[in-house]
Structures are given as structure tokens and as C-alpha cells.
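Spelled out from the first residue to the last, the chains are:
There are 2 protein chains.
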Amino acid sequence: MLGNFIYHNPTKLYFGKDAVNSLKDELKNYGDNVLLVYGGGSVKKNGIYDKITEIFKECGKNVAEVAGVMPNPTYEKLLEGVKIAKQHNTDFILAVGGGSVCDYSKAVSVSVHCDEDPWDKYFIRFEEPSCEIVPVGCVLTMAGTGSEMNGGSVITNHEAKLKIGHVFGDDVMPKFSILDPVYTMTLPKYQMCAGIYDIMNHICEQYFSGEDDNTSDYISEGLMRSLITSSRAAVKDPQDYEARSNIMWTATWALNTLVSRGKTTDWMVHMLGQAVGAYTDATHGMTLAAVSLPYYRYIMPYGLKKFARFAVNVWGVSPDGKTDEQLANAGLDAMESWMKEMGLVMKISELGATQDMIEGIADATIILDGGYKVLDRGEIVDILKASF
Amino acid sequence: MLGNFIYHNPTKLYFGKDAVNSLKDELKNYGDNVLLVYGGGSVKKNGIYDKITEIFKECGKNVAEVAGVMPNPTYEKLLEGVKIAKQHNTDFILAVGGGSVCDYSKAVSVSVHCDEDPWDKYFIRFEEPSCEIVPVGCVLTMAGTGSEMNGGSVITNHEAKLKIGHVFGDDVMPKFSILDPVYTMTLPKYQMCAGIYDIMNHICEQYFSGEDDNTSDYISEGLMRSLITSSRAAVKDPQDYEARSNIMWTATWALNTLVSRGKTTDWMVHMLGQAVGAYTDATHGMTLAAVSLPYYRYIMPYGLKKFARFAVNVWGVSPDGKTDEQLANAGLDAMESWMKEMGLVMKISELGATQDMIEGIADATIILDGGYKVLDRGEIVDILKASF
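Top line first, the protein sequences correspond to chains A and B.
So for the first sequence, the working numbering puts the first residue at 1; every next one is plus one.
So for the second sequence, the working numbering puts the first residue at 1; every next one is plus one.
These are computed hints drawn from the structure, not numbers from a lab.
Note that the structure is predicted; figures quoted are calculated from it, not measured.
Positions of the beta carbon are idealized from the N, C-alpha and C atoms, including for glycine.
It is possible that part of the hints are untrue.
To be verified - From chain A, some residues computed to sit far from chain B (all C-beta separations above 12 Å):
no., residue
1, Lys-12
2, Phe-15
3, Asn-46
4, His-113
5, Glu-132
6, Met-224
7, Ser-226
8, Leu-227
9, Thr-252
10, Trp-338
11, Gln-355
12, Gly-370
13, Gly-378
To be verified - Pulled a few chain A residues facing chain B out of the computed Cβ check, cut under 10 Å:
no., residue
14, Gly-16
15, Pro-238
16, Gln-239
Assemble the whole structure, with the sequences as input and the hints as a guide.
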């Protein structure tokens, strides 16, 4: 059954080759003082930085920059960006990069005019902004997080050893996002595959919850089937535009609120993965991959029917002559094979986690209650240990 | 492959039981002169009219009414609505009803301030509005058309014997829509089933086109599987909230542009059905049902692989030991069984079409080129004859 909900997702998306050419028209809607936000040097190497700088010039924009946004954007970096944005009297923020850069730009946008400490307000107390929000647009260069069409923002506080995400309301969503699959093609294979698993896990977190019949789960199954097909093609040939474009589009719909409408969701894999990330600073998608199978194999008996459905509807396992338990196991086996095909990291020990971190990671894991089994601390420790 | 596209769908949706309680907040965003648009007397019988009138009173709105919008809204009715809207200095239009009422309200919204003849401008020349557009909101009482979250509007001109749809841009989309599945439950079963087939056909029209791999088709498959499951439950028990809520939500996503992004589409079943509708004034969904199988069985050989995929991924036909042709036929057989379960009209002769109308219906059928075979006039006549 679909519970009551609101769906509102006003982000305008420009998708396809050379979609960046629409940037000029969009920029007309905003003021002259633009803050350009990006990560490492890749946007300078692949020509995207030059292209965008040229468009800014044509539009007569006055540009300040925040460079060096890291894969897990930090609280310190957020404060640095807020300071630059204030000094620049920023009218508009353009994020050019992957999910981290988009996440970070949204965090800056709600903090520029905020009188309180943004970490405490948004990531500890989970409050909504009570100040002016600086509008954000995105030029996406990596598919995975869905940050281009949602209000989500994840920030890491190394001092507190916490990596916390806040999903803000519609006002914080990007006003527009530019999605050119070609921009994702210069990404190293490791990052591409981490992004692919991030997408898969976003869908799983929303799928593996509840036992009712609802349209959202059927859409999720369609998205997962698309992702499985296109990820296999992309791993064979990362230059396959068909595959990369499907992956990019699936990523957007995996986490723009659609497939969670009217149903419960889980998100424990993200809670575990983010805690691992806070300790290891490892690539987000890989932290999710490494904790997923220990978690799913553990909770499977509590959500047997859904795991059996997953096997049949997503992985094409034939149900003939199989019990739900056999089916459910076969589905997770199929997912494990696919994960290995993708070259995903299957153990947190391979991401730099050590045995002596386990208690700390368990402490940093926020326990949520939407899944088939609410974990206790002992179970979290067991799941983490199973990922060594 | 996903071709280039723009996706922008800013309609805000309030979904679920008593979602109408959000109307008060939404109305605050618009001026005082409201035009209330509805169809027959059902909204007065089931209490929705009283509820909305009460909300208008609480909000201090100044209300004019256009009542009696028919299932296939006519050009004459459009002119009547435009006149009332002008006299009332309308700031906002609230459509309360099914797709016809929503379609009609959008046609009024783009015509109030238009100096040209709206039939010629929008439905013959397919132009975009160049005048002020009066904002529209919807309270939906029937699931089917998707009009609650798109820019579409279909108007019938009896004099010209034409029923033509125009999909307007984002500015014409409803600002908000209120979707309470309970509101659909007082609908007669015939209308419910016509709506269910309208949904199915919207998806098929976008699915049966192209041979590439794209995410849109996978989402379509998920939506169709959801619809098949929930329609079977709803036909058994029309009061099944779970089923009716899933059907309502599927209807919205079947035609809000999502599943057509980046791919070609067909829409010939709608062209045939609309021509039948212009001659018979029959219920829209039933005209689509009656022409569908003759059309799909005719074009199947030209799109064999997609029809085979449809059989396996949508209807769960086992591919073991079957040729593509056998699979494709089995898929259409499964669809035919389901259509009969739904009690759909399978022949246009049952809708009042007579042999002597065939040439005229063929003349009124607009030939599109997105499907697996571009039909010629003779083929259209053959398909219509096969529906007797």
C-alpha cells in the first residue's frame, strides 16, 4: 500500500552530449556573482573547466572559486567555502563534479546566510535552513549519488569521526543539473564501479523494506535490471555511450525520492558504510559494497519474501521448485557474482579498516529502524567483523 | 541509447487519503478569483464539491464555476469556459475531476488571454501559448490520463470530426495536483477499467518503439508489472485501497514524460482511438482497448524482438525453447487474456462504430512515424475492419 506522501522535484535536467550548451540560458536567471565549486584537477585536464569558464565570460559573470573539494567533503572545507561565498556576495553556486561537489555546494548554499554553526544545525540537529538559500546548479561529471536531483548533502567531521547526511527540502535541490554522459567517461574504472554500486545500493536501501505491494518497488526492479545490463556493458567497455548514458540516468532516479514514495526504507548499509568512511576516508561506493553482503545475508531471514522476489524479478532466477530461502540465497549469490564482475571491494579490511577500529566504527554507526531487523550494537560488530 | 533530452516536471503532488487538506495552503499562492471546473454531478454526490467549496470559503476566495465538462471536452465547451473565465478575471483555475476536466482546464488556461482562435492555434497549428497562462491546480477523481502531471490537453471538435491532443510545455503543467485514491472509488467499474487500459496503453505507446537498450523501457516494464498486479486486485475488489493507490500512482508516471525520455515513441493506438472517439464519442480508454490488439498483432513482425521482450519481462512468459515469434505471440495472448479479465471492449463495433464510418475514421486518423511500421491508409482501414 502506498502511504501518504508529497512528491515535488522541480530540478530541471539537461541530459546528453553537449548538454552544457544550455548553461548559458540558465545562468541568465541568476545574479552576477557566481561561486564555482569543483574538486581535484580532473575538470581542468578534461577541458570542462575551460568550457565553463568561457561560458561565464560570455555571460559577464563575476566568478570566485572553491577548488579542491575532496571525495568526502569535510566540515573544515565547508567553513572555508562559506567564507569565500560570503566575501564574494554570492548570488549563485555552480557545482562542477560528482556527488561530493554537489553535496558540498548544497551545504554551502544553506550556510552562507546562517548565523549558527552549520555542522550543529544541519548534521547534528537535522534542522531545515531558516535563512536565505543561495541557489545551486550542477554540471555532473560522475554518476552515482543522485545529488544532482535531490536535497541530500553528506559532510564528514574528522574530529568527531562522523560522516552524516542530511536530506534537505525542495528549496535546496539544484535548480538545474547538466548531465552529459561523455563527462563521466574520463573517470578511472575504480570510481566508475564505485558509482555503479552506489546506485545499486540506493535502490536496495529503498527496496528492502516493507512487505506490501507498491508501485515504487516495481520501478526499483526496473531500475536495477537496467543498471545490471548497462553496468556489465560499461565494465567491458567504459567508452560505451549507451551503457554510460543509461547508468547516469538510472543514478538520478535511484535517489531523487521517487522510488521511496509511499513506502518504508532501510538505509542501514549507508549508516554502516558512512561510519567506515569516517574512519578510513575510503571511496563511498566501495564502503557500501564492502558491508552490503554481510548485512543482507544477516537480515535475509527476516525479509525472506522480499529477498525471494528480488531473486526472481531482478536477477531472473527461476522460481521453479525452490523454497523462498533457496531463492533468496540464489538472489544474493547472483548479486555477489555481479559485484565481483564489477571489481567491487568486498571487505572493509581492503579499505584500510583494522580490527582495532571495529568498536569505534560501531559507535559511529547510526542505527535506523526501517529494515527487516533493527540491529543492536552486537549485531553491528558481527557484521563489521564479517567484512574482514 | 538515451538520446538528448530535457526533463522538467515541477508539478507538486499531494498523494493519499485526505490529501485535499493541503488545498488550503496551496490556494494561498494564488489570487482571489478562482474558476472551479468540474464534470457531471458525481462530485456533488460524493461530497468532494462540498469539501472544496468549504475550503474556498475559509480562504475567502471569489468563485465562478464551469460545470458539465464532458468526457470528451468539446471546442464549444472550451469557448464557453474561456468566456466565463474572462468575465471573472480569473487568477487561478481548479480542475476537480478526471483527465477530461484537467485537460479542459489547461485548454482554458492558455486561451483566456489568447487573441487568436484556440482550436486553430493549439490543436491545428500546435503552437505554444504566447499569452499569459492562468495557473491550474487539480483535484483528481479518476486515474488514467496522467493529465495531473503533464502539459497534455485533448479537445474534440465535432463539426470537424476531430479529436486532437496537444502536449504543452512545463508552464502549462498543473502547479499542484491532489491525488486521493479514495476519490476514485466511487467511479463505476466500466470507467475504472477504461482508465486502467488508458494507463497500460500510455506505457505501451512509449515502450513499443526503438530497439536500443535504455533505462526508460525498464522503468516502463516495472510500471506495467505493477499495473497488472494491482488491476487484477482492483477488478476483484474495487474498494481495495492498496490496489487503487498503486493504479493512481502508476497512471501519473505512465504519462508525465519520464518513460519517453531519450527514446522514440509510437502513439498510433491513440491516433486510431481518438479518431474512433471523434465518431462515436465513446469512452477514451475503451476506444484504445478496441483498436490495440488488431494494431499490435499487425505490427508485431516489424518489432519482433521488443514484443518478445515484452512477453518475458512484463508477462513472465518463460523463454525456454521458444522462438521470438512464439514469445511475441504469447505476450500478446497474455495481454488479451488480461484485457478480457478487465472486461475491456475489444471491438469498435461495440462502441457504436459502424462499417460506413470506417473510411471517415481512417481519414481522421493522424499517421505518425515512431512505431515499428509506418502505416498507410489501407493498413489503417484493415486494422479498423479487424476491430469489428
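Results for each hint:
Taking the minimum C-beta to C-beta distance to chain B, about 4 Å, the non-interface status of Lys-12 (chain A) is violated against the 12 Å cut. The beta carbon of Phe-15 (chain A) is not kept farther than 12 Å from every beta carbon of chain B, the shortest such distance being approximately 5 Å. The claim that Asn-46 (chain A) is not at the interface with chain B holds, since no C-beta of that chain comes within 12 Å of its own (minimum 20 Å). With a least beta-carbon separation of about 24 Å from chain B, His-113 (chain A) lies farther than 12 Å from that chain, consistent with its non-interface assignment.
Distance check for Glu-132 (chain A) against chain B: the nearest CB is about 20 Å away, which clears 12 Å, and the non-interface claim stands. With 12 Å as the threshold on Cβ separation, the claim that Met-224 (chain A) sits away from chain B is violated: the shortest Cβ distance comes to roughly 8 Å. At roughly 4 Å, the least C-beta separation between Ser-226 (chain A) and chain B is not larger than 12 Å, which violates its mark as non-interface. A beta-carbon of chain B comes within 12 Å of the beta-carbon of Leu-227 (chain A); the shortest separation is about 8 Å.
For Thr-252 (chain A), the requirement that its beta carbon stay farther than 12 Å from each beta carbon of chain B is not met, with the minimum near 9 Å. The beta carbon of Trp-338 (chain A) sits about 16 Å from the closest Cβ of chain B, which is more than 12 Å, so the claim that it is off the interface holds. The claim that Gln-355 (chain A) lies off the interface holds: its Cβ sits roughly 41 Å from the closest Cβ of chain B, which is beyond the 12 Å cut-off. Residue placement check: Gly-370 (chain A) keeps its beta carbon more than 12 Å from all beta carbons of chain B (closest about 19 Å).
Distance check on Gly-378 (chain A): its Cβ is at least 36 Å (rounded) from any Cβ of chain B, clearing the 12 Å threshold; non-interface status holds. A hinted interface residue such as Gly-16 (chain A) counts as satisfied when its beta carbon comes closer than 10 Å to some beta carbon of chain B; here the least separation is about 3 Å, so the hint holds. Because the closest C-beta pair between Pro-238 (chain A) and chain B is about 15 Å apart, greater than 10 Å, the hint is violated. Interface hint at Gln-239 (chain A): violated, since its Cβ lies 13 Å from the closest Cβ of chain B, which is beyond the 10 Å cut-off.
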